[in-house]
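Turn these sequences into a full structure, and let the hints steer you where they fit.
Line order of the protein sequences matches chains U and G.
Per this note's numbering, the very first residue in the first sequence carries number 1; after that it's consecutive.
Per this note's numbering, the very first residue in the second sequence carries number 1001; after that it's consecutive.
What the hints contain is simulated information worked out from the structure, not anything from laboratory work.
Ideal Cβ placement from N, Cα and C applies to all residues, glycine included.
Accuracy of the hints is not assured; some may be wrong.
[Unchecked claim] Listed below are the simulated DMTMM-like cross-link pairs for lysine to aspartate or glutamate, each with C-alpha atoms no more than 25 angstroms apart in a straight line:
| no. | chain 1 | residue 1 | chain 2 | residue 2 |
| --- | --- | --- | --- | --- |
| 1 | G | Lys1370 | G | Asp1243 |
| 2 | G | Lys1325 | U | Glu174 |
| 3 | G | Lys1370 | G | Glu1316 |
| 4 | G | Lys1325 | U | Asp121 |
| 5 | U | Lys184 | G | Asp1020 |
[As the list claims (entries may be wrong)] Covered stretches of chain U, going by a simulated chain G footprint (3 or more residues, C-beta under 8 angstroms):
| no. | region |
| --- | --- |
| 6 | 50-60 |
| 7 | 77-88 |
| 8 | 128-141 |
[What the hints assert, rightly or not] Example chain U residues on the side facing chain G (calculated, C-beta under 7 angstroms, incomplete):
| no. | residue |
| --- | --- |
| 9 | Asp20 |
| 10 | Asp22 |
| 11 | Met33 |
| 12 | Arg35 |
| 13 | Asp36 |
| 14 | Gly37 |
| 15 | Gly39 |
| 16 | Ile105 |
| 17 | Ile178 |
| 18 | Ile186 |
| 19 | Phe189 |
| 20 | Thr191 |
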Amino acid sequence: MNVFNTLTAPVLMLRENRIDTDVIFPARFLLLMQRDGLGEYFCRDRRRDAQGSFVANAIDDAAVQGAGILLAGKDFGCGSSREQAVWTILDFGITCVIAESFGEIFAANCVRNGVLPIVLDAAAIDRLETAARCGGLTIDLVGSTISWGGPDAGSIPFPIAANDRERLLNGWDETAMITCRWQKDIIRFETAQRRACPWLYEESCL
Amino acid sequence: MSARTLYHKLWDAHVIAEVDPAGDPRAALIHVDRHLLHECSTHQSFASLRASHRGVHRPETHLAVPDHAVATQEDRLTRPADGAAGSQVAELARNAADFDIPFISLADPRQGIVHVIGPELGFTLPGITLACGDSHTSTHGAFGALAFGIGASDCATVLATNAIVQRRADTLKVELRGLPGRCVGAKDIALALIAAYGAGFAAGHAVEFTGEAVLRMSMAARMTLCNMAIEAGARIGLIAPDDVTLEYLRGRPMAPSGALFEQAAAYWLSLRSDPCAVYDREVSLDLAGLEPMVTWGTNPQDAVPISGLVPQPPAEIEAARQHGKTLAAMGLAPGQSLVGLPIDVVFIGSCTNGRIEDLREAAAAAAGRKVAPGVRAMVVPGSMAVRRQAEAEGLDGIFRDAGFEWRMAGCSMCVAMNEDRLAPGERCAATSNRNFEGRQGRGGRTHLVSPAMAAAAAVAGCLVDVRHAESAR
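Okay, structure coming up:
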């Protein structure tokens, strides 16, 4: 998994509420079986017409090319659990999403892929939006701050669960970490569960 | 021990280890007892297992079935499979075979939507943790199981370890007060609840549904309610196991039997929230006077009673802009009546409303009538078992006589990954769970309703109040 440490990048603004994962990655593209190279499908139906030609849209605006940070509204990534919604933004170049709230599964999927999800209130995001219009933002995960330069240079802290922060900073593979740290505990748990709930281990129930 | 909610009992029973008691006290490694897999969210999970040379920890605890991309035409086993969908289904079969995971093929009489067949087979049981790469996994919470949707990476982790790191959720008690009237069911209740409190209102919470109405609900209705918990933002919906739950499970192929069932049942009944248990939050919904609901927008919270009107734009500028955008996408105007709105397509099915009870409800509204000219209406049973049961009851005849297409089991037009999709501009009354922009096909317009309302709309050719349609007979 990618390590997330610091990021200085231009900002894409999609400050609409409830941009669901069907908008982020339309379901028909779920038939594709790769995880790489999905960036061209990011918000596909907002960006291209039915014939596949680009239409004027906020995402492909020349001013935000190379965006690495996305500012969103409430419930960003709500809906389907499709991890393609994270793979597509990652391939598009975005590794940090700042929103008023997230679909929970989407936020969990972000952390699994080295994408930093940050929750801030609308006023704080307003401030970031203003700052970002004069240049990019810098995200520092070590110090848990977002800063910006220019005449009104400043910075604000952001909250992040210790557990997620650690994963992102180290780029840990979740499965490897669980196996390495808790393999014996899992076996111990299952031995105890077999005694307490034997029906879960009955051959006929499996 | 202090009084605990159902959620806390389930959580406590599955904690393997704390992760970081000082830094992140809610995070724990929890055991995943059962895992459902479908073709659309797991190909990369298996790819990652292969890449890291990992095996599956306990293959027998998983169950794989194709549902999302499968065709639903009656000749689907003999017709040439769509290239991409066919490969995805074949990939699931290959992965299941390579990793010794029980697999239900498209030709298997048990095939159906993961969230329909899990309960049907008794794979879903009270007291378990159940994960699936699908957000509607909340459905299984109707049994008092801790069930939640995960992404493809987490599916790989669950395959390799039967464990996952989760953060303990806050608890939210939803109390349904009173009893619903005629032709008002779990779907209407779910939509009314989300409309009342907002789409994300339950985010971060495990929702437990309570109240006399819940006690009286069939398992199918309870599943509809828990299924829609994710549309309220909650990954987890829960209902305490009771006699209705036990009766449903008795005799299911994968449920315990004999003395073991009785032993399990005693445990399951002990899971209900203690009388003095404290929830982090409580909300309620009065069911008296509740009407059949219908959505007008592109999120399930955009729901109004069928007698209602398309809302006027809100005062706040940004909200008004979004409102305008939504109405443009839906081809509607503020103040417009929902009753009488012409529809092109009717879709009855999905993990929300594709069970036998749902089909009975739809058949009752369609019996002896005809689908209106120009309307394409389809019934897609949630599983092949539901389809067979419906045929045994003669429901297929009612639907066919009325002019509905009678399909094979799958997700179909809920997710529009197969050929069942809306054309741009088409308007659909759907019993599914999401009216997201483009969800049923690019440019399609979705109105979420109950099975009875969908069938009534098919017959009328427009949205109608099924209660009036019924009494007009």
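Okay, the hints, checked on the actual structure:
Taken as a hint, the Lys1370/G and Asp1243/G pair is broken in the structure, with Cα atoms around 39 angstroms apart against an allowance of 25 angstroms. For the proposed pair Lys1325/G and Glu174/U, the alpha carbon gap of about 40 angstroms is over 25 angstroms, so the pair is violated. Taking the CA atoms of Lys1370/G and Glu1316/G, the gap is near 45 angstroms; set against the 25 angstroms cutoff, the hint is violated. For the hint linking Lys1325/G to Asp121/U, the alpha-carbon distance of about 24 angstroms falls within 25 angstroms, and the restraint holds.
A C-alpha spacing of about 18 angstroms is found between Lys184/U and Asp1020/G, which places the hinted pair at or below 25 angstroms, so the restraint holds. Residue count for the region 50-60 of chain U with a Cβ under 8 angstroms from a Cβ of chain G: 1. That is fewer than the three needed, and the coverage hint is violated. Only when three residues or more bring their CB closer than 8 angstroms to a CB of chain G does the claim for the region 77-88 of chain U stand; here the count is 7, and the claim holds. As drawn, the region 128-141 of chain U meets chain G at 0 residues by the rule of a beta-carbon pair under 8 angstroms; below three, the given contact is violated.
Hint status for Asp20/U relative to chain G: holds, with the closest Cβ pair at about 5 angstroms, below 7 angstroms. Contact between Asp22/U and chain G, as hinted, is supported at the beta carbon level, the nearest pair being about 4 angstroms apart and thus within 7 angstroms. Evaluation of the Met33/U hint against chain G yields a held restraint, the C-beta minimum of about 5 angstroms falling below 7 angstroms. With a least beta-carbon distance of about 5 angstroms to chain G, the hint placing Arg35/U at the interface is held under the 7 angstroms criterion.
The beta carbon of Asp36/U comes no nearer than 10 angstroms to any beta carbon in chain G, farther than 7 angstroms, and the hint placing it at the interface is violated. Given the 7 angstroms rule on beta carbons, the hint for Gly37/U is violated: about 13 angstroms separates it from the nearest Cβ of chain G. Against a cut-off of 7 angstroms between C-beta atoms, the interface hint on Gly39/U is violated, since the closest Cβ of chain G lies about 16 angstroms away. With a least beta-carbon distance of about 5 angstroms to chain G, the hint placing Ile105/U at the interface is held under the 7 angstroms criterion.
For Ile178/U, the interface hint holds, since its Cβ comes within 7 angstroms of a Cβ in chain G; the closest pair sits about 5 angstroms apart. Look at Ile186/U: its Cβ gets to within about 5 angstroms of chain G, closer than 7 angstroms, so that hint holds up. About 5 angstroms separates the beta-carbon of Phe189/U from the nearest beta-carbon of chain G, less than 7 angstroms, and the hint is met. Interface restraint check: Thr191/U against chain G, minimum CB-CB distance 12 angstroms, threshold 7 angstroms, status violated.
In summary, the structure is inconsistent with hints 1, 2, 3, 6, 8, 13, 14, 15 and 20 from the numbered list given earlier, while agreeing with the others.
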